[in-house]
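Trainee: Listed below, chain by chain, are the residues.
Protein chains: 4
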Amino acid sequence: MTQMKGFFFPRTASGQASLIPSPPWYYSGDLLTVEYRTDPARVAELLPAPLEPAAEDPGAVALIWADWQSCSAGREELLDPVRSQYKECFVVVRCSYRGRTYSRCVYIWVDKDFAIARGMHQGYPKKLGSMWQTRPHPFAHGAPQIAAGGVFGATLAAGDRRLAEAVLTLREESETNGFVNAHPMAHHRVYPDIAGGGDAYAELIESGGAEFAGGQAWRGDVEVRLFDSPTEELSRLTVEEVIGGYYRQVGVVWNGGTSLERLTD
Amino acid sequence: MTQMKGFFFPRTASGQASLIPSPPWYYSGDLLTVEYRTDPARVAELLPAPLEPAAEDPGAVALIWADWQSCSAGREELLDPVRSQYKECFVVVRCSYRGRTYSRCVYIWVDKDFAIARGMHQGYPKKLGSMWQTRPHPFAHGAPQIAAGGVFGATLAAGDRRLAEAVLTLREESETNGFVNAHPMAHHRVYPDIAGGGDAYAELIESGGAEFAGGQAWRGDVEVRLFDSPTEELSRLTVEEVIGGYYRQVGVVWNGGTSLERLTD
Amino acid sequence: MTQMKGFFFPRTASGQASLIPSPPWYYSGDLLTVEYRTDPARVAELLPAPLEPAAEDPGAVALIWADWQSCSAGREELLDPVRSQYKECFVVVRCSYRGRTYSRCVYIWVDKDFAIARGMHQGYPKKLGSMWQTRPHPFAHGAPQIAAGGVFGATLAAGDRRLAEAVLTLREESETNGFVNAHPMAHHRVYPDIAGGGDAYAELIESGGAEFAGGQAWRGDVEVRLFDSPTEELSRLTVEEVIGGYYRQVGVVWNGGTSLERLTD
Amino acid sequence: MTQMKGFFFPRTASGQASLIPSPPWYYSGDLLTVEYRTDPARVAELLPAPLEPAAEDPGAVALIWADWQSCSAGREELLDPVRSQYKECFVVVRCSYRGRTYSRCVYIWVDKDFAIARGMHQGYPKKLGSMWQTRPHPFAHGAPQIAAGGVFGATLAAGDRRLAEAVLTLREESETNGFVNAHPMAHHRVYPDIAGGGDAYAELIESGGAEFAGGQAWRGDVEVRLFDSPTEELSRLTVEEVIGGYYRQVGVVWNGGTSLERLTD
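If you read the sequences in order, they're chains A, B, C and D. Residue numbers for the first sequence follow my numbering, beginning at 1 and rising by one. Residue numbers for the second sequence follow my numbering, beginning at 1 and rising by one. Residue numbers for the third sequence follow my numbering, beginning at 1 and rising by one. Residue numbers for the fourth sequence follow my numbering, beginning at 1 and rising by one.
Same shape as in the complex, but just chain A (with noise of 0.2 Å):
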């Protein structure tokens, strides 16, 4: 009898074609954040009970673009590297459960599928998206450095829309990469039940990091701008009040989670 292998789908005898290997995976890449407020009920709104609006700061919210090279433990990504590099753009709020304060990517888009499966694994709400981020260079002909006076810019664009855009020019460097996405995630998985009527299984899930390495954080000035679109609902967080720019290197292993609670039998 047939013992199918595999940590995601397809799964097969060998498990080589699965989507993605199982964890750990490891990652190096840059995050350009923006810090902003909201209005704190365009916050509240995202979170479902048992989930609460984070006791300070409600309304603050990180959109965050990153341009990752990743891999599995065996590394072999790395050599056929349009299976390791991917660019993505997220939204992150903040919560409570149980009195603890969480992080929670709200909405996501990303360029390759593989991100897209983690992503569900993780209970990251993953869509396909066009972004691009300015890359710091060691020569200036063409690029900016992680420096005082460097200007990044970044967009997001999906269904031929584009939904975000931003400029971030460096200004001194900077103790924290922000505050909102400092936290355990708190991410709901879903999947809706075939027959209709709700989900066949829901759970809402911690994870986080198990290994982070940063270089030197760096803040600055930045200009942040939100378009509408009919398929999306990232402009409902409107920018009321900008906190502020970051911009760091990171390195980081992600190697699973734990369940907080399971909404369905």
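Rather than coming from a laboratory, the hints here were simulated on the basis of the structure. Heads up, some of the hints might be wrong.
Stated by the list, open to error - To give a feel for the contact side, a few chain A residues facing chain D, derived at Cβ under 7 Å: (1) Ser-70; (2) Leu-79; (3) Val-82; (4) Val-167.
Where is the CB? At the ideal position from N, CA and C, for every residue including glycine.
Here the structure of chain A is known, so what remains is to put chains B, C and D in place on it, guided by the hints.
Mentor: Okay, now just chains B, C and D, sitting in the frame of chain A:
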């Protein structure tokens, strides 16, 4: 307290941002089908218990290209066709479950995120790929017709590697569009446990079209080639004997399925 | 001594690698046309001397989406349709040259490199874009028909920004497919001097279809919207008055043109 | 009378829509270079008279991947990086013209339209392709460093077929980044006659960087594989002997060139 809406993620107060709407889903498209026989053991190794090989012709495989336009009941996607059109290539085998014959999609590639999400719901193990198939057109300057002598090419690539290609020359009208993809689908839906150690959710489900309309099917002579890739197993389903090639235009409605077995608690 | 072959670059000993083959080129496709009037001064500013505004209706503009399948005389591209299918959106105005009325493409976006190269030869100023237009299909589940009441959407994006969108509702059969794109094309072909200081080569040429076949044209009601972009000037051609919308399936052969004026030595 | 502006098409009253701005053009990027020897006859057949094979090592070939960020003098592209970043893979050989040694790009693939247009001006025979090269990053979790033991992969695909792939393992600092691409470029620029029968314009031009800055070059061991395609001739330049692999970060300014020979009237 917030009541979240949305058939799939991201769920919000209005449900507007959901990657896909609730079924029913409506499709119009063209199917180019290649049927062939491979070693039945290669099919059997893709059938987890309690699925068993089909009693007759257990090595039969259908490699199908489809060029779709699709929408929800509101049909608004048809006015913004980046949200409506997609292409796919998929591989179907047959199996037996409790004495009944089912079709089963073992590999599938699509080119839009909404198609990935629909497939997640339906149990199709979708990856992103690049699919192309020759289109018929009333004017022959740069196109075949669906008629004797019409020649149609089809290709599949993923990860910047070509995985399959076929050339079909129509010969005559056919009573069928092949037999491998002609049964209800028996698919697994799986969600790995966030803490490792197996699946948090797994279910064997059955589904099929809620409505179907098809034009005249055509059969013809077909050449097909499969290519290796380090991340795919399609080429294990070697072409031992070509059964036939088919072309048919169809309209389909999909509206959910039923559970066959819940495989996790 | 090596004799280089190839209609276009790269030229090699065999010519096999040339981005495009020699004409004639063959096309089958569907045209969705929006005709409208803008300020005639906005058209005139796109007509370099000695071109002059058309005597009648000098502010008329055609915004045309086309969904093409194309090939060379050998038709081998049809069997590998990634080399055959492409989409485009283009903007046509009319002008007068030596007393004769010409059509003239002032902006155009395509989604394949071979289409860019053909356009270079024909004098179409092609950029890459993302174009989508609703496709008719025999089955109405997810598609309109080319008939009264058929609704077709069309969109254009480039640089991750939407530039134009239209919705056309067919009303009745039409004797024409519009009048703006109905003349021979008067196009400039230019090659800037490698040392700066103007063009090394510039020529005004005339071309048109060597063969043309068209199905029944339909006209209808159309809505159209243009959007700004820092790298485009399409939205300067503001929609002051919609003339009409058209849909037609066509087959075309293109086989070269003639020089009207050589503008450099 | 309208005076048209714009370095390249489309030309308009303001020049804003031109696909590319006037030089100088500024570049920051990473080069992964593979040098090898092929049959010198295969190089010679790519050299139209009066170009002749290089006197020394006439079968030497450089296969180069480049990951670029680029801009015009105003640097506004850097704030909207979809207009700034692109990847390319190109093949360089050497030749002799009037007793001087030149480099010459015989094949090149890029992934943006502005890069195609720049190449048209510079005489690079650009097609669209899909290129990926491993990126170095300060954090090793999912990335190599530019240091002994760093491993970099690179792939090239076009038309949904993989054309080339390489894996480079850095071993030591190098005085050079290879020798094949180290000379001024001798390129043809061609424009076929609209009426058929040869070229309306053809010129042999010379160009090179107006400014250049380079980091420490590294050399290492490299594996390289070339694959066949019906529309490419890269695989004719068979790898007979690997010379070496190189990695270097560079900054470049390009600002025009000079005519060597006008080949048409």
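Trainee: Confirm or reject each hint.
Mentor: Hints versus structure:
Proximity of A:Ser-70 to chain D holds as hinted, the smallest CB-CB distance being about 5 Å (cut-off 7 Å). Hint on A:Leu-79 holds. Least Cβ distance to chain D is approximately 4 Å, under the 7 Å limit. Taking 7 Å as the C-beta cut-off, the interface hint given for A:Val-82 holds, the closest approach to chain D being about 5 Å. Using the Cβ-Cβ criterion of 7 Å, the hint placing A:Val-167 at the interface with chain D is satisfied: the shortest such distance is roughly 5 Å.
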